[in-house]
Every structure is written in C-alpha cells, then in structure tokens.
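K.L.:
Residues per chain are reported as follows:
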Amino acid sequence: MTCERSLVSVVDDDESVRESLPDLIRQFGFCARAFSSAEAFLASDTLGETRCLLLDISMPGMSGPDLQQELTRRRQGIPIVFITASGDHTVRLRVLAQGAVECLFKPFSEAALFDALNAALRMR
Amino acid sequence: MAESTEITSDVLLESSLPTAPLESILCTDELHRRPSRPPDYEKENRALVKLVSALADSPATIFQTLAETILDVTQCDSAGLSLLTRDGKSPDVCGQRFYWPAIAGMWNPHVGGGTPRDFGPCGDVLDQNRTLLFTHFERRYPYLMPVIPAAEECLLVPFYVGGEAVGTIWGIMHSDRRKFDAEDDRIMDSLGKFASSAYQALKHIEDLKIQVSEREKAEAEVRDLARGLEAKIRRLVQANVVGIVMWNLEGVITGANDAFLRMVQYDREDIASGRVRWTDLTPAEWSGHDERGVADLKATGIFQPFEKEYFRKDGSRVPVLLGGALFEGSGNEGVAFVLDLSGQKRAERALRRSETFLAEGQRLGQIGSFSWRVATDEVTWSDQLYRIYELEVGVPVTLELIGTRVHPEDMSLLEKMKMVYQAQGGANSFEWQYRLMMPDHSIKYLHAVARGTRDENGEVEYVAAVQDVTARRVSEEALDKARAEFTHVARVTSLGVLTASIAHELNQPLSGIITNANTCLRMLAGDPPDVDGARETARRTIRDGNRASEVIARLRVLFTKKESTTEPVDLNEAIREVVALSSSELQRNQVVIQSELADGLPTVTGDRIQLQQVIVNLLRNASDAMLGVHDRPRQLLIRTEREDGDRVRMMVRDTGVGLDRQGIDKLFDAFYTTKRDGMGIGLSVSRSIVERHRGRLWAETNDGPGATFSFSIPCGPNTITDRHS
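In order, the protein sequence lines correspond to chains A and B.
Note that the first sequence covers residues 17 to 140 in this note's numbering.
Note that the second sequence covers residues 19 to 743 in this note's numbering.
Here chain A stands alone, though its shape is the one from the complex:
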C-alpha cells in the first residue's frame, strides 16, 4: 500500500492501541500502519517510507529503546515518538536523551499526540 501523505508507523504489543491509534492518525490526515513487535517492523518494507515512528517502550522481545538503538546503528534517522503506560520519568528522559522527539505517557490527549507528530514530521 502506497500513501502520498506522510506514513506514521505504530509499533505496540497492545492490541487495543494497534486498533485505535492508526484510525486517529488517519483522522489527522496521515497514513498509518501498525506492527505488533519491533521485529515485525524491522522485517517490513515500510522502514524507508516511515516518516514517524510511534513506538511503545515495553514489549516482549525487542523493546522500544532497543529498536531505537538498532535504527541508529542502521543510520535510519526516523523521528521517534515513544508511548508508554508505565509513567516512568527516568525512562522518558533516557529515550529523549537518545534522540527521541517526544515520549507520551498513556493515556495521552489528542492534542499531545498531534503536536508530537507534527514536531516529528517537521524534522524531515
């Protein structure tokens, strides 16, 4: 599936996030795709097209920060917005220090998400 608008990829092991978030992103006017794990995202053909990554921190297997490191290693400069249900501020600061655009604590507001996505997309 090709999309002329910016593609936002969602990587989260929680099914309800994978169901709800892409719909809202599309409502914002972007394209959206969802992946249930970091490994699935890396294996997909959307790596190069993705203009922004909405990435869960805690996942079985490869975690969000692991994926962030892997992308850095591959010199894939995709802007990342982390989303997490843990509310752990130290983790948030760590990922921001690693170059993430934003880290949103679930549940987050529509406005916060919109601002974060725009900030990420402006970086391109």
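Simulated from the structure, these hints should not be mistaken for lab results.
By construction, the Cβ of each residue, glycine as well, lies at the ideal position given by its N, Cα and C atoms.
Check the hints yourself; a few may be wrong.
Counterexamples of contact, computed for chain B against chain A with all Cβ distances above 10 Å [claimed, not checked]:
| hint | residue |
| --- | --- |
| 1 | His-50 |
| 2 | Asp-105 |
| 3 | Glu-182 |
| 4 | Glu-237 |
| 5 | Asp-276 |
| 6 | Leu-279 |
| 7 | Arg-330 |
| 8 | Arg-367 |
| 9 | Trp-450 |
| 10 | Lys-462 |
| 11 | Glu-477 |
| 12 | Arg-558 |
| 13 | Asp-562 |
| 14 | Asn-590 |
| 15 | Arg-679 |
| 16 | Trp-716 |
Taking beta-carbon pairs under 7 Å as the criterion, some of the chain B residues facing chain A (in silico) [what the hints assert, rightly or not]:
| hint | residue |
| --- | --- |
| 17 | Thr-537 |
| 18 | Arg-540 |
| 19 | Arg-606 |
Starting from the known structure of chain A, fit chain B onto it as the hints suggest.
P.N.:
Here is chain B on its own, set in the frame of chain A:
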C-alpha cells in the same frame, strides 16, 4: 719343737715360771778361766765379708745366714737369734715375747718358735745387759724343757739398736764335747754388733717396704678413683645430655661431643681440622661476655655459667648456656659444658606471645579479667579491665573505687561475688550484667561470666571475664531501628511497584478508550460524518472500558484484605490472573513467558488470594533471577499438572542464575535472600502458605541454566489447615 712351745698353754705357764735362781745356772766367769783357742782371724774375716755381702744381696735371709755363721765360727751345735716381738712374727722392741727368726744346727726345726719374755734366758740377758753363759738353763726355765735336745751350755749376747735392747744371738752346746771360751765371747760380741746392723737394715727395709706398699696402695686408690671418675666423665660426655667442648685460650676447639656438634651443626672432621674456633662461633655482640669469661678463667681457673649465642655452621644462631674450667695445671686448656637454650627461648617467646595474644585479645574483645581470692580478699584486675573502667592501670582496687564507677542502681561484680560466695560458698559459676556510669554520665553495659574454683589448699578464688557490651547494645538498638525503617521503606517501595503495576494495567485500556473516543468524535465531525467508523470506535471504547474494569476487579480480588477463606480454586485460572497482572513487569524485564497449563485440572480447596501471592512471588523471583542474564533468552515456563495421589502440582522454571547448592537449604528461611534489595521474606511466607494447604514447596537446580520452584497441593475439600489448631 716349735709346736711344743706353741702348745705350751696358759695352764702350763703356771708350772713354767722360773724356778732355780739365775746364779745357780750361770757360769759366765768360766769363759775367761777356761783355756782359749787361738783366734782364726782369716776365718772370722771371711765370715764377716760373707755376712756383709749377704746383707746386701739377700737381706731377707740375713738372720739365717747370721745363725749359720755363729754355728760355723763357734763350732757349737745350735745357733740362732731371739727378737722381741708383739705378734710372734715380726720384731718389736716393745714386745713381751721373744721369737726365733733364724736357727741353725740341731735346733733348726724350732725356727719360728719362741718364749714369753721372762720364761727363757733372753729376758735375764736383757735385764743383766751383758753376755751370759748358761749351763742346763732348763732348771730355771721349765718352759724350755720340751725343746730338745736339751742345752748343756748356752752363750747369749744381747744386741742393741739406738741404745735399746732388741734381742739376742746365741750358741748352744748340747753335749760337753766342747766348752765355750773367751774367743767365743769375743767373736759373739762382734757378731752381736753385726746383728744390730742387720736388724736395723732389715728394719729400714721393712719400713721401706711398708712405705712402698702404702705408696703403691695410695697410688692404686688414686688410679681407681681416676678410672672411676674418667668412666663417669666419659659417660657424661657420651650421653650427650649436655654439650661438652674442650678448648684452649687461643680460641681453638680441640674436642667436642655429639651434643655440642649437633648444636652448632659442625662434624668431627671440622673439629679434627682445628679450624673451628670458639672465637669465630661467637657473634660480635657476645664477645664481651667471652672476654669476661676468659678473665675469670685466668683469675680463678673457672668461669661461671652465662648465656650467650653461637653461630651455627649455616650462619643461624643458637642460644646457649655455658660454664667451664681450665684443666688443673694447664693454664691454657679447659673444658666447658654447653646447654642448648633454643627450646627454653622458644618457650619463653611462646609464653610472651601468648601473654601478648591474651592482652591483645582482651583489648580487641573489650574483655577484661577480674579475680577475687576469698581468703585474702585480694582483688586483681587485668589492664583491659582498668581501661574499661577508665581507671589508671595498677591502682589498688577497693570497694570505694569501684563505687565511683558502678551505676548507682546496679550491684557491682565484687559485691555480687561476695553474695554468691556467702549464699553458695564455693566453686560455682554465674553471669552478671551491670552498668557503669562514667564521670561524664555516659553509660557502659558490662557482661561478666564468673567462675569459682578451689585451689589445692581449698582456698576459693573467683575469676571473671568482663566484657564491655555497650557497643553491642548500641548496635542492637541501631539494628532494631534500621530494621523497622527498612521494613517501612520496603513496604513503601512495594506499594510504589504495585502502584506502577496497577497504573500500567489501567493505562493500556484507558489509552485505547481515549484514542477511540477522539477518533469517534473526529469521525462524527467529518463531512460527511463517518458513522460506521464512529460506531466501530465506540464499540472498541466500550470494550477497552470493560478491560479496565476487569483490571480493577482483579486488583480488588488480589488486594482486598479478606480473612482466610476456603473455596474451590481453579489453579490455572488463578495463574492466568497473576500472569495477566505481572505481564507488564515481566515484559519490562524482557522475560518470555511460556504457559503449559494442564486441561481438566481438578480444583484445590484453599485460599485463592494466598495461593496467588505464592504464584506472584515465584514469578517475581524467577524474573529477578534472570535480570543478570544477557547471553541467553530469559525464558519462564509455568506448568501445571495433575499428580498421582490426587494432587496438583505447579512448577515455575527459569533460565536465571540458578541456585547456590550451599544455599539451597536456607532458601526458605526467613530473611535469607540472594538479592541485593530483597527482604528474604517471600519464600518463607510462600512455604508456610503452601504448608497450610497441606502441600509442600521446594526448589531444584535445572540440568541447564536456572532453577525450578514447585509446589504440590492435595485436591479435594477441606484440605486447608487451621492456622491456630
């Protein structure tokens, strides 16, 4: 016969007393009246020369030679000597008997015989002090009657030594074939003088013999003594009980026994070479002692024992005690004994060390010692006890002094001892705790362990070890406080972890709800509104709302503080709930959960919440055990299965760091933990919960990495035991 004179007993003596008067048997005057034969000087000279040479050649037989000479020159029938004697065998001027040492002629068989002084003619001759001629003297001397043949005439001449009469020489005619004349008188007179010389010569020879034999005897005694001493000294040297060394003042060691050689590690060849010098064996700092020893030797011939050191052959040193003396008359050579003091020095060092150790130990352990001798009321403190009491070491210990330190509310150790002694009166043990109040009002807690003993005289002495336990008291109090604080912190921390966990579980569905609601609103606000999309998102909103409510419900079940309840519990379901609640934490720790829950597992009867606490605990432990694992997957397998004997078993297997085999027995003890921030309560509580369900909880190490914890509980009703029964 000689025998006849000898058997003349005392009974005979009575009848042998002189009877006829002396004058009646004397005819001395006749000598010069009778015609005299001419002198034969040649014969006389020959006889005298013969006598003199006999005296020189064989003095032992000189009297016999004299007797034979008389016989020869006077042509008489018997001739001999009579000598005063005490013992009848040897001459003695003080003797009261005469004996006949030599007789020639017919009376020769009577040699060795003799008479009491006044029972024969000799006594009268000595009394008259002149030559007498007797005729038939048996008329006056019946004692001589048995001596045959009888004497017709007898010429007796006394002889003297140093003016004292010692005996007579005599000649006897047994028949009247010849009469003594003046010529006989003259010859006998000169022979008498010779007899005197011979007597003296013999006497001197005898004296000489006695002297020689006495000298020889003394020398033999000295030799024997020396031989005995030598044997004793040789025994001492060879026994090697002490080192013996011979030396000279020039510094050479001339001989030594094995004991000495062993001490200094030299051998016989070294000594034989003469190269081993005592001056070289002596370390420089001891040479002063040697010099004093040599000075003593030169002054007194001996040196008093003193301690010093010798170098061994290998350069090490041996402490010794030595003392010695110069050989008598030598002035240069001497002998010394050497005792090896190594053992003694070692013992001294060991004693000093153990004393030091004791003092050190007392100082380190803050333990002082205290003794009280009942009989003398003598109190002794160790230095450390003074330090504990903060008193100057060595000041006399009195009740008053103790009173300045012991807490006013407490009884001092000495008072307690006196009380115990009065009550029980002897050897017994007790412990006593009391306090000191120092001048600055700080408090010291002391703990004493006292023991009474009786010595060999029955005297009682109490000895106590007194320990300053203030630091222990203080640290115990601090520990109690720290433990309380720690428990509080742990509680708060678990609450934090719990809160985070609850928040996580709730945030997921809440996030979905909000996102869906936003999407729903946007879809409805579109132109045209996406009603189908909005309906779908609204439905998902409701589903996420229900999920959130389930989380709350599960939490309520898990955390509502209910009394222990007994109900049928589906273990699989209980596990699923716990896994659902723990999954976020497990995920965060990158643990991959694999569940193998048996189908158709019978329910167990018990407290669901408590069993879930056990499961949570096992999962968390498994997860924590894998935190340090980076080289392999962090896998956690949960398995349930039905066991024989109507039991259900649950197993949690991890691939973590595994169990220390030594620690496996202690795993379930309270406060035992291998985790840096753990409390060590979990497994202990878990086991007691399982045991209340009549089950058991155990741990095993895996064949591969990690450990497996399992519990097994009987199925069926009423299996829970009442905690209070």
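K.L.:
Now tell me, hint by hint, if it's right for this structure.
P.N.:
Hints and how they fare:
At roughly 173 Å, the least C-beta separation between His-50 of chain B and chain A is larger than 10 Å, which holds for a residue marked as non-interface. The Cβ of Asp-105 of chain B sits about 137 Å from the closest Cβ of chain A, beyond the 10 Å cut-off, so the non-interface label holds. At roughly 146 Å, the least C-beta separation between Glu-182 of chain B and chain A is larger than 10 Å, which holds for a residue marked as non-interface. For Glu-237 of chain B, the non-interface assignment is confirmed: its Cβ lies about 116 Å from the closest Cβ of chain A, beyond the 10 Å cut-off.
Consistency note on Asp-276 of chain B: stated as away from chain A, and its beta-carbon is indeed over 10 Å from all of that chain's, at 84 Å minimum. In this structure Leu-279 of chain B is separated from chain A by more than 10 Å, as the shortest Cβ-Cβ distance comes to about 82 Å. Remark: the non-interface label on Arg-330 of chain B is consistent with the geometry, its nearest Cβ contact in chain A lying 73 Å away (cut-off 10 Å). Its beta-carbon lying about 63 Å from the closest one in chain A, Arg-367 of chain B satisfies the requirement of being farther than 10 Å from that chain.
Annotated as non-interface, Trp-450 of chain B keeps its C-beta farther than 10 Å from every C-beta of chain A; the closest such distance is 56 Å. No Cβ of chain A comes within 10 Å of the Cβ of Lys-462 of chain B; the nearest lies about 48 Å off, and the non-interface call holds. A cut-off of 10 Å between C-beta atoms confirms that Glu-477 of chain B is not in contact with chain A; the least separation is 75 Å. The Cβ of Arg-558 of chain B does not lie farther than 10 Å from every Cβ of chain A; its closest approach is about 6 Å, which violates its non-interface assignment.
Not every C-beta of chain A lies more than 10 Å from that of Asp-562 of chain B, the closest at about 5 Å, which undercuts listing it as non-interface. Even its closest Cβ contact with chain A, about 21 Å, leaves Asn-590 of chain B beyond 10 Å, as expected for a residue assigned away from the interface. At roughly 32 Å, the least C-beta separation between Arg-679 of chain B and chain A is larger than 10 Å, which holds for a residue marked as non-interface. With a closest Cβ-Cβ approach of about 29 Å to chain A, Trp-716 of chain B is found to remain outside the 10 Å limit, as its non-interface label requires.
Contact between Thr-537 of chain B and chain A, as hinted, is supported at the beta carbon level, the nearest pair being about 4 Å apart and thus within 7 Å. Contact between Arg-540 of chain B and chain A, as hinted, is supported at the beta carbon level, the nearest pair being about 4 Å apart and thus within 7 Å. Against a cut-off of 7 Å between C-beta atoms, the interface hint on Arg-606 of chain B holds, since the closest Cβ of chain A lies about 5 Å away.
Violated hints, listed in ascending order, are 12 and 13; each of the other numbered hints is respected by the structure.
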